[in-house]
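There are 2 protein chains.
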Amino acid sequence: MKTIALIMAGGKGERFYPASRNLLPKQFLSLGADNETMIQKTVNRIRDLVYPQDIFVLTNKNYLSLVKEQLKDVPTENIVLEPLSKNTAPAIELGVEIAKRKYDDAKVIVLPSDHIIKDEVEFRRILKMATQFVENKESILTIGIKPTEPNDGYGYIKISDSQEISKVAEFKEKPTIEVAKQYVESGNYLWNAGMFIFTIKSIDNAFKKYMSNQHKLLTESLDNFPKVESISIDYGIMEKADNVYCIKGDFAWDDVGSWNALKRINGEDENQNTILNDKTVLVNSTNVTIKGTNKKLITGVGLKDIVIVETDDVILVANKNELSDIKKLTAKIKEKQLDEYL
Amino acid sequence: MKTIALIMAGGKGERFYPASRNLLPKQFLSLGADNETMIQKTVNRIRDLVYPQDIFVLTNKNYLSLVKEQLKDVPTENIVLEPLSKNTAPAIELGVEIAKRKYDDAKVIVLPSDHIIKDEVEFRRILKMATQFVENKESILTIGIKPTEPNDGYGYIKISDSQEISKVAEFKEKPTIEVAKQYVESGNYLWNAGMFIFTIKSIDNAFKKYMSNQHKLLTESLDNFPKVESISIDYGIMEKADNVYCIKGDFAWDDVGSWNALKRINGEDENQNTILNDKTVLVNSTNVTIKGTNKKLITGVGLKDIVIVETDDVILVANKNELSDIKKLTAKIKEKQLDEYL
Numbered sequence: 001m002k003t004i005a006l007i008m009a010g011g012k013g014e015r016f017y018p019a020s021r022n023l024l025p026k027q028f029l030s031l032g033a034d035n036e037t038m039i040q041k042t043v044n045r046i047r048d049l050v051y052p053q054d055i056f057v058l059t060n061k062n063y064l065s066l067v068k069e070q071l072k073d074v075p076t077e078n079i080v081l082e083p084l085s086k087n088t089a090p091a092i093e094l095g096v097e098i099a100k101r102k103y104d105d106a107k108v109i110v111l112p113s114d115h116i117i118k119d120e121v122e123f124r125r126i127l128k129m130a131t132q133f134v135e136n137k138e139s140i141l142t143i144g145i146k147p148t149e150p151n152d153g154y155g156y157i158k159i160s161d162s163q164e165i166s167k168v169a170e171f172k173e174k175p176t177i178e179v180a181k182q183y184v185e186s187g188n189y190l191w192n193a194g195m196f197i198f199t200i201k202s203i204d205n206a207f208k209k210y211m212s213n214q215h216k217l218l219t220e221s222l223d224n225f226p227k228v229e230s231i232s233i234d235y236g237i238m239e240k241a242d243n244v245y246c247i248k249g250d251f252a253w254d255d256v257g258s259w260n261a262l263k264r265i266n267g268e269d270e271n272q273n274t275i276l277n278d279k280t281v282l283v284n285s286t287n288v289t290i291k292g293t294n295k296k297l298i299t300g301v302g303l304k305d306i307v308i309v310e311t312d313d314v315i316l317v318a319n320k321n322e323l324s325d326i327k328k329l330t331a332k333i334k335e336k337q338l339d340e341y342l
Numbered sequence: 001m002k003t004i005a006l007i008m009a010g011g012k013g014e015r016f017y018p019a020s021r022n023l024l025p026k027q028f029l030s031l032g033a034d035n036e037t038m039i040q041k042t043v044n045r046i047r048d049l050v051y052p053q054d055i056f057v058l059t060n061k062n063y064l065s066l067v068k069e070q071l072k073d074v075p076t077e078n079i080v081l082e083p084l085s086k087n088t089a090p091a092i093e094l095g096v097e098i099a100k101r102k103y104d105d106a107k108v109i110v111l112p113s114d115h116i117i118k119d120e121v122e123f124r125r126i127l128k129m130a131t132q133f134v135e136n137k138e139s140i141l142t143i144g145i146k147p148t149e150p151n152d153g154y155g156y157i158k159i160s161d162s163q164e165i166s167k168v169a170e171f172k173e174k175p176t177i178e179v180a181k182q183y184v185e186s187g188n189y190l191w192n193a194g195m196f197i198f199t200i201k202s203i204d205n206a207f208k209k210y211m212s213n214q215h216k217l218l219t220e221s222l223d224n225f226p227k228v229e230s231i232s233i234d235y236g237i238m239e240k241a242d243n244v245y246c247i248k249g250d251f252a253w254d255d256v257g258s259w260n261a262l263k264r265i266n267g268e269d270e271n272q273n274t275i276l277n278d279k280t281v282l283v284n285s286t287n288v289t290i291k292g293t294n295k296k297l298i299t300g301v302g303l304k305d306i307v308i309v310e311t312d313d314v315i316l317v318a319n320k321n322e323l324s325d326i327k328k329l330t331a332k333i334k335e336k337q338l339d340e341y342l
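Chains as they are written, first to last, in this note's numbering: chain A, 1 to 342; chain B, 1 to 342.
Chain A extracted, bound-state conformation (with noise of 0.2 angstroms):
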């Protein structure tokens, strides 16, 4: 059977302003040294286990030709764009529908565009591993992420016994920093990484079981997409299905959630800095981190825990522990009517 990949791009990634814009999400940004974005990291890494033209993106038809400018291998009938947006479960309908036109059946993985994963090479046997299990067994396969600490800003997943494979025990839904503490130690526990493997048959069954009136909508006419319901893969299907499952996966992943993501995906010097821009330099300032278009020297005096971006239009300087308030930011610089920065 054949292995497909739904490659979730619709995503509006707010939390990187100034890099990302309303027409430019974190997905298709480059967040490293290297020029390579985040969505082409996501299909160069499972280039060893799903052909291009097997490879459906899902998107807002604002980000089509980013899409095709940064995959020039993904046929252009494989970009499938969302008219408006909704939660992921409408949206993998949506793809496993298109996909259905091509395929009876197939093992099908689906990706978030804007993650970090270290390890790929034990990416990649997790993966192998996952679509051999749901080819052989109808399920639906999520990927639990070991925590390598207590994180309130991640779902978790509780399994049922040591296995590399297990029976999903329950899904819980973001944690208190203190639950999220019992969690880790309980070992038990698994973040919740928005990657999940099935065949196009199962989830079928499953759309139509769980989620009888979004699946006789999209089956009836695509064209009925704006009438679903907004609603999570997670709430829609996992929480409630009996046949799911969770593979654990220890691969170095980072869901690249605020720009502290910078500094663990590029690593830091011996004073935590974090320094991506040509021409820095820092006096007496550590755990600072840098993004600058090269154009400026970006220099610092007596900082600590400071993130300085600066783009072609814009600068940002923000305390690296209030970062969830770039959402009040971009409202405000909406507010202003500042709107072309945005």
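Treat the hints as calculated values from the structure; they're not laboratory data.
One thing to keep in mind: the hints can contain errors.
One copy or two, it doesn't matter: identical chains are merged, so the pair holds either way.
[As the list claims (entries may be wrong)] Straight-line alpha carbon distances no greater than 16 angstroms define the calculated EDC-like cross-link-like pairs of lysine to aspartate or glutamate that follow:
{"hint": "1", "residue 1": "K295", "residue 2": "D312"}
{"hint": "2", "residue 1": "K279", "residue 2": "D339"}
{"hint": "3", "residue 1": "K279", "residue 2": "E335"}
{"hint": "4", "residue 1": "K279", "residue 2": "E340"}
{"hint": "5", "residue 1": "K336", "residue 2": "D278"}
{"hint": "6", "residue 1": "K295", "residue 2": "E340"}
{"hint": "7", "residue 1": "K279", "residue 2": "D313"}
{"hint": "8", "residue 1": "K167", "residue 2": "D242"}
{"hint": "9", "residue 1": "K328", "residue 2": "E14"}
With chain A's structure known, arrange chain B on it following the hints.
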């Protein structure tokens, strides 16, 4: 008797990096919302008291074109070029010698070119009183600023009585902050602002008496300038002469000693932020000072006590409490052979 002015404009103003540069020191910058530079403000402030042809500017040869451009009505022959940087005593005698070519005697006002004075009417009243005093009495008069706070960054002048003009009891070098508090509480100490008033005759006598070597060399030939000792007028004359007086000044003086001065000069908004940039959006930020090129949107999130300065080729982000380390920054830039940014 004529009143002339010696404007001291040879300083480097490194503490205003990256706005100040090797070839563009602080006195030639505008640090307020208007476009008038510090040296232009200095000259315009005394227009009612001194004719342009009686203004002499002491500067470094590298800054000749800047002075000509910014002070168009000061005659070129009044621009006195120091072939190399000496301290204030040689510079003042050099200026006085040039002035002597025009006037046998005159009342001389010596002013730094990089200070801000908010109450200009009061300032001119003080200067008028000062010039009258030195015309009537062979003396050297210094302006002492009424302290508004204990400040360990200034030298202090101890006065001998509470009159508006009193004999100087003692000059004090920069004190510790504790000693500065005692000075301010006592009411007998004023800030030394580097502003002096005397006649050509009286300062000539003082140079002859207290700095005879320099006086001999410079009256012999101004070409001897490089041979004289580098020494401040405070140390060479003021602390030694017995006819030194102090006039109290209370005209909202600011020596513009660091980027922190921008807030004092330009005021602050309700979050204690001072913004000198067309488009700026801050979220949850207090005591932030921003000076930009007006070309980019400058944004901040969760910042406290931060200065952001953007020029055409440099960005500086600095902790307001560590601005004295800007010297270390420029040293490090030099060390890294990035001299084009100095």
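Enumerate the violated hints, using their earlier numbering and listing them in ascending order. none
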